[in-house]
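Q: The residues making up each chain are set out below.
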Amino acid sequence: MKFLTEYRDPELAQRYLAEIKKTVTRPWTIMEVCGGQTHSLVKNGILAMLPKEINMVHGPGCPVCVTPLNLIDKAVYLAEEKDVILCSYGDMLRVPGSEKSLLESKANGADIRILYSPLEAVKIAEENPDREVVFFAVGFETTAPANALSVVHANRMGLTNYSILASHVLVPPAIEALMSDEECSVQGFLAAGHVCTIMGMEEYYPLVDKFGVPIVITGFEPVDILQGILMVVQQLEAGEAKLENQYTRMVRPDGNPNAIKTIREVFDVTDRMWRGMDVIPMSGYEVKNDYESFDARKKFSVNIPEAPENKECIAGDIMKGIKKPFECPNFGTKCKPENPLGAPMVSSEGACAAYYHFSDQINRLEEQAIA
Amino acid sequence: MTVSNLKEKKIKMRLQCPMPKLDFDIITLGHGSGGLLTNRLLDSGVFDVLKNELLDRRHDGAVLQLNGPTAFTTDSFVISPVFFPGGNIGELAVNGTVNDLAMCGAIPRYLSLSFIIEEGLEMEAFWDILVAIKFACAEAGVTVVTGDTKVVERGKGDKIFINTTGIGEVHAQAQIDISRVKVGDKVIVSDNIATHGIAIMSVREGLEFETTIESDSRNLNHAVKALLDEFGLQVHLLRDPTRGGLGTVLTEVARDTKLGIDVHQKDIPVDEQVSGACEILGLDPLYVANEGVFMTIVDGAVADAVVEKLRTHEYCQHASIIGEVTEAHPRQVVLTSGIGGKRVVNMLVGEQLPRIC
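Chains F and Y are the protein sequences, given in the same order. Take 1 as the starting number for the first sequence in this note's numbering and just add one per residue. Take 372 as the starting number for the second sequence in this note's numbering and just add one per residue.
In short, the hints are calculated from the structure, not lab data. Please note: incorrect hints may appear among the correct ones.
Straight-line Cα separation of at most 20 Å, SDA-like style, residue types lysine to any residue; simulated pairs [what the hints assert, rightly or not]: (1) Y/596 with Y/527; (2) F/43 with Y/637; (3) F/43 with Y/404; (4) Y/392 with Y/428; (5) F/336 with Y/615; (6) Y/713 with F/152; (7) F/123 with Y/574; (8) F/311 with F/269; (9) Y/629 with Y/517; (10) F/43 with Y/676; (11) F/106 with Y/449; (12) F/82 with F/304; (13) Y/527 with F/107; (14) F/324 with F/82; (15) F/123 with Y/579; (16) F/334 with Y/718; (17) F/261 with F/334; (18) Y/637 with F/10; (19) F/288 with F/107; (20) F/106 with Y/575; (21) Y/713 with F/311; (22) Y/713 with F/7; (23) F/82 with F/129; (24) Y/713 with F/334; (25) Y/637 with F/49; (26) F/261 with F/107; (27) Y/422 with Y/555; (28) F/334 with Y/670; (29) Y/530 with Y/404; (30) F/288 with F/269; (31) F/210 with F/324.
In this text the structure is predicted, and so the values were computed from the model without any measurement.
Extracted from the complex, chain F is given alone in its bound form (with noise of 0.2 Å):
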């Protein structure tokens, strides 16, 4: 497949695995941010290819495992006892709120509907006039621009039956919350290509000035990943900290400035509350006043009380990469995919996910199970 086989190419990928072992002499921690990067390391099994020097860790970059339970909580509450059409991206079903997921919420038989684009939800809208239809509107800044046109989209065709329910994230902030933590070790960032796609690389340079750290924007096939951790480890061992960008075919420097404009016309930036972080300042987006009709959270005033998290989960020293998820008592034990205690089992670009789908942990402790 042209654009794809490419980055996948095994030759390619054994030359900058032999770099990489080449250049390193000690050892460096990196995390990867996005969650679609923590699938491919383990999915095309880069982790074990590694040299030992290098450990990889797995950032917050899962929009499904940050999203608060209270605000599932509020998409379960909307689909039952508002009886909207509510519409979401297929992994955010299995994440459990407070008491159920949304998955089950259908179950029960609540209109809920999966989606790939919220460009349909307003379709779905237009075609059911008498009945209200909700985006949840999850994601990195990568799905913002998406979920914002298609609030211009219904404002533009006079619906007044459509309305999304934002919990958007933001990169740089979560990534100065991290470095801000003192027990975080990271020595370097794989930052996340799709977001950088969107947003450009200007608001990195600060994050790399104030930390000294070196950010490399990374794409996410298995020779895009092996660069970009060669070109951190360079900058490692070379003593420097610099702005990189190994996603060119994609990321330009002034991102892409539609997306930004739709973003900024639907969007003010506000403080968000992180699962298993806690409220990061100014990290995520709210629909801007001006479209307050359009924001599900005004236009059916639900309010739900915070759900406490799950104190067994260790989701914050995760991500913050202090632990690895076989490190946690729970994992794969009372803490699995169909029964996540926190965050990172949720979906599977979770880190705790990710190695319990991939890995050969899950089959030793069932085996220690049945001995």
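Assemble the complex: chain F is given as a structure, and chain Y must be docked to it using the hints.
A: Just chain Y now, kept in the frame of chain F:
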């Protein structure tokens, strides 16, 4: 036969079976009452489509003559949408059960056929489904010998559900048994995987995308018979990776044999369009459903010959050895990724859900 040939054949079959003139356009509750309307539905030509000596007796059940060991299986079909690119629920209901029998090493002979119809189903749709059933039965060489029709109120079904039960005679040279899988055996898939699941996905509400991908719903019994005729006891296991896909079947085999399985991603055949759709949708082809593909585990010594033989069959042109059974890592399936990394293949928790980004 290529896919387009198959399509032409289906169109031809449809033309050969014009719908009779009926005094009703839709199926109503009365058609399932067992009374006059039911009989009119059956008599009006509808059941002529499936005509055969045993069915024509219209008895409560069929009396069959079978020789030797018999395979017996049942399956219910509740697919949505009922019509999908490359087929409909009718042929799926026949092929699904025929293939389950084939996986037992059997020659499929007889089917039962039960409809649960939601009132309001257009007669024309029902006719199309029946014609597809007729075509699929003829292709597979099976006959429908008994059946049932029930109609449920609107909203209590989803257009039409079909149950088929099948009986087949076990091939004289077949000894398909998971306990016969041994270290050194090779794992073979008969054709491109993930095609059916992606074809269905492309027409689901809210997920529609433009593609020419068509379901691979088709019978596998002739290919399996040819395999057993030539390789007999050297064929150790046959499985058809429908729901849950190839990944799930592989993990089941590893779990049940307590042996390890190594598979190589680069050798797993996936159509380029299907592979592209999986990328866009965030799905792993290993867990996407198949209908016209089987996995077989055969003696390592004959693996190449098996692949060569399979590739001569119209439905198995991309047959490939994808891995082998090993004593390393018992109970685990280990996949070597395209770039040479290794990872374990585990079972999915629930349905594979599309990812956000």
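Q: Hint by hint, say whether it matches the structure.
A: A quick look at each hint next to the structure:
Of the supplied pair hints, the one linking residue 596 of chain Y and residue 527 of chain Y is violated, its CA atoms being roughly 40 Å apart against a limit of 20 Å. A C-alpha spacing of about 14 Å is found between residue 43 of chain F and residue 637 of chain Y, which places the hinted pair at or below 20 Å, so the restraint holds. Note on residue 43 of chain F and residue 404 of chain Y: the hinted pairing is violated, with a Cα-Cα distance of about 54 Å set against a maximum of 20 Å. Between residue 392 of chain Y and residue 428 of chain Y the CA atoms are separated by roughly 24 Å; this puts the pair beyond 20 Å, and the hint is violated.
Straight-line distance between C-alpha atoms of residue 336 of chain F and residue 615 of chain Y comes to about 19 Å, which keeps the hinted pair within the 20 Å bound. With a C-alpha separation of about 46 Å, the suggested pair residue 713 of chain Y and residue 152 of chain F falls outside the 20 Å cut-off, and the hint is violated. Between residue 123 of chain F and residue 574 of chain Y, the direct Cα distance comes to roughly 16 Å. Compliance with the 20 Å bound is thereby established for this hinted pair. Restraint check for residue 311 of chain F and residue 269 of chain F: not satisfied, since their Cα atoms lie roughly 29 Å apart, outside the 20 Å limit.
Distance restraint check for residue 629 of chain Y and residue 517 of chain Y: the Cα-Cα separation of roughly 41 Å exceeds the 20 Å cut-off, and the hinted pair is therefore not satisfied. A threshold of 20 Å between alpha carbons decides the hint, and for residue 43 of chain F with residue 676 of chain Y the separation of about 32 Å lies outside it, so the pair is violated. Restraint check for residue 106 of chain F and residue 449 of chain Y: the C-alpha separation of about 18 Å stays at or below 20 Å, so the hint holds. With a CA separation close to 14 Å, the supplied pair residue 82 of chain F and residue 304 of chain F stays within the 20 Å bound.
The hinted pair formed by residue 527 of chain Y and residue 107 of chain F meets the criterion: a straight-line CA distance of about 15 Å does not exceed 20 Å. Between the alpha carbons of residue 324 of chain F and residue 82 of chain F the distance comes to roughly 41 Å, so the proposed pair goes past 20 Å and is violated. For a cut-off of 20 Å, the pair hint linking residue 123 of chain F to residue 579 of chain Y stands: about 13 Å separates their Cα positions. This hinted pair checks out: residue 334 of chain F and residue 718 of chain Y have alpha carbons roughly 18 Å apart, not beyond 20 Å.
For the hint linking residue 261 of chain F to residue 334 of chain F, the alpha-carbon distance of about 45 Å lies beyond 20 Å, and the restraint is violated. Only pairs whose Cα atoms come within 20 Å are accepted, and residue 637 of chain Y paired with residue 10 of chain F is accepted, the gap being roughly 10 Å. Between residue 288 of chain F and residue 107 of chain F the alpha-carbon distance is near 34 Å, which puts this suggested pair outside the 20 Å criterion. With a C-alpha separation of about 17 Å, the suggested pairing of residue 106 of chain F with residue 575 of chain Y holds against the 20 Å cut-off.
In summary, the hint linking residue 713 of chain Y to residue 311 of chain F is not supported, as the alpha carbons are separated by about 34 Å, beyond the 20 Å threshold. Annotation: proposed proximity of residue 713 of chain Y to residue 7 of chain F holds, straight-line Cα distance about 17 Å (limit 20 Å). For the hint pairing residue 82 of chain F with residue 129 of chain F, the CA-to-CA distance comes to about 15 Å; that is within 20 Å, so the pair holds. Straight-line distance between C-alpha atoms of residue 713 of chain Y and residue 334 of chain F comes to about 27 Å, which puts the hinted pair past the 20 Å bound.
For the proposed pair residue 637 of chain Y and residue 49 of chain F, the alpha carbon gap of about 18 Å is at most 20 Å, so the pair holds. Between the alpha carbons of residue 261 of chain F and residue 107 of chain F the distance comes to roughly 39 Å, so the proposed pair goes past 20 Å and is violated. Proposed proximity of residue 422 of chain Y and residue 555 of chain Y is contradicted: the alpha carbons are some 48 Å apart, above 20 Å. Note on residue 334 of chain F and residue 670 of chain Y: the hinted pairing is violated, with a Cα-Cα distance of about 41 Å set against a maximum of 20 Å.
For the given pair, residue 530 of chain Y sits about 17 Å from residue 404 of chain Y by alpha-carbon distance, which is consistent with the 20 Å threshold. At roughly 9 Å between alpha-carbon atoms, residue 288 of chain F and residue 269 of chain F fall within 20 Å of each other, so this suggested pair holds. The straight-line distance between the Cα atoms of residue 210 of chain F and residue 324 of chain F is roughly 27 Å, outside the 20 Å bound, and the hint therefore fails.
Of the numbered hints listed earlier, those contradicted by the structure are 1, 3, 4, 6, 8, 9, 10, 14, 17, 19, 21, 24, 26, 27, 28, 31.
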